[in-house]
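Residue numbers (the working numbering), protein chains in the order written: chain A, 1 to 109; chain B, 1 to 114.
Take these hints with a grain of salt, some might be off.
If you want the ones that stay clear, here's a sample from chain B, every Cβ over 12 Å from chain A, calculated [unchecked claim]:
id : residue
1  : K11
2  : Q68
3  : P70
4  : Q72
5  : H74
6  : T76
7  : Q85
8  : Q103
The calculated DMTMM-like cross-link candidates involving lysine to aspartate or glutamate, where the alpha carbons are at most 20 Å apart (straight line), are [stated by the list, open to error]:
id : chain 1 : residue 1 : chain 2 : residue 2
9  : A       : K37       : B       : E102
10 : B       : K78       : B       : E102
11 : A       : K54       : B       : E102
12 : A       : K37       : A       : D81
13 : A       : K37       : B       : E63
14 : A       : K66       : A       : D76
15 : B       : K15       : B       : D57
16 : A       : K60       : B       : E102
17 : B       : K15       : B       : D86
Rather than coming from a laboratory, the hints here were simulated on the basis of the structure. In this text, a Cβ means the ideal position worked out from N, Cα and C, and glycines have one as well.
The primary structure of each chain is shown beneath.
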Amino acid sequence: GDQVEQSPSALSLHEGTGSALRCNFTTTMRAVQWFRKNSRGSLINLFYLASGTKENGRLKSAFDSKERYSTLHIRDAQLEDSGTYFCAGSGTGGYKVVFGSGTRLLVSP
Amino acid sequence: NAGVIQTPRHKVTGKGQEATLWCEPISGHSAVFWYRQTIVQGLEFLTYFRNQAPIDDSGMPKERFSAQMPNQSHSTLKIQSTQPQDSAVYLCASSLGGIYAEQFFGPGTRLTVL
Numbered sequence: 001g002d003q004v005e006q007s008p009s010a011l012s013l014h015e016g017t018g019s020a021l022r023c024n025f026t027t028t029m030r031a032v033q034w035f036r037k038n039s040r041g042s043l044i045n046l047f048y049l050a051s052g053t054k055e056n057g058r059l060k061s062a063f064d065s066k067e068r069y070s071t072l073h074i075r076d077a078q079l080e081d082s083g084t085y086f087c088a089g090s091g092t093g094g095y096k097v098v099f100g101s102g103t104r105l106l107v108s109p
Numbered sequence: 001n002a003g004v005i006q007t008p009r010h011k012v013t014g015k016g017q018e019a020t021l022w023c024e025p026i027s028g029h030s031a032v033f034w035y036r037q038t039i040v041q042g043l044e045f046l047t048y049f050r051n052q053a054p055i056d057d058s059g060m061p062k063e064r065f066s067a068q069m070p071n072q073s074h075s076t077l078k079i080q081s082t083q084p085q086d087s088a089v090y091l092c093a094s095s096l097g098g099i100y101a102e103q104f105f106g107p108g109t110r111l112t113v114l
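Bound conformation, chain A alone:
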């Protein structure tokens, strides 16, 4: 079945720095979503991409369906960016979104 490998599983950043999260898919995905789990445990939609790149503030995401990966770039990290980030792909199952295992991001002063 469709599988998603998300890396890294944990990431520590100092304020003002940046990094990238990555999801590799074992099969061709038609779309990808990125979420952040907030302090209440809710999944907040960050990006939805069927292809290409999108940018929102200090976050930028890219999705390459052919190469089977997606990335989420965070620049100028702030303390409030701390949390767990998930990617999710819509693959052969269409509506059956498959999730990565998450990246726990900790931004420190």
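Chain B: place on chain A using the hints.
This is chain B only, laid out in the frame that chain A set:
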């Protein structure tokens, strides 16, 4: 827009009791999904409704689990004779429809079966 609403947020049941979980999708969304999240299995698809009709329940355990969508404003997931292994966070999501449409998730219901 309140987003997807799920109630209760937490539910504790004794082994063998019944649990009913509620989901109110975003107004105007025609598709509703149920997922289950555990530490061991991650997020698992359970079932999917489109325009209130059940489309795919391939992820539902064949016994004890059932889902309904009696109207466009809510869906329920019922677990009969709950077992400790049913303990999980149950997530509901909705979308505008379309096979690869963006899904919006509710906060989940944390079910604990003692």
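Results of checking the hints against the structure:
no.	hint	verdict
1	K11	14 Å, holds
2	Q68	18 Å, holds
3	P70	21 Å, holds
4	Q72	17 Å, holds
5	H74	19 Å, holds
6	T76	19 Å, holds
7	Q85	20 Å, holds
8	Q103	6 Å, violated
9	A:K37 - B:E102	16 Å, holds
10	B:K78 - B:E102	25 Å, violated
11	A:K54 - B:E102	15 Å, holds
12	A:K37 - A:D81	10 Å, holds
13	A:K37 - B:E63	31 Å, violated
14	A:K66 - A:D76	30 Å, violated
15	B:K15 - B:D57	24 Å, violated
16	A:K60 - B:E102	17 Å, holds
17	B:K15 - B:D86	10 Å, holds
Figure legend: structure checked against the earlier numbered hints; hints not met, in rising order: 8, 10, 13, 14 and 15.
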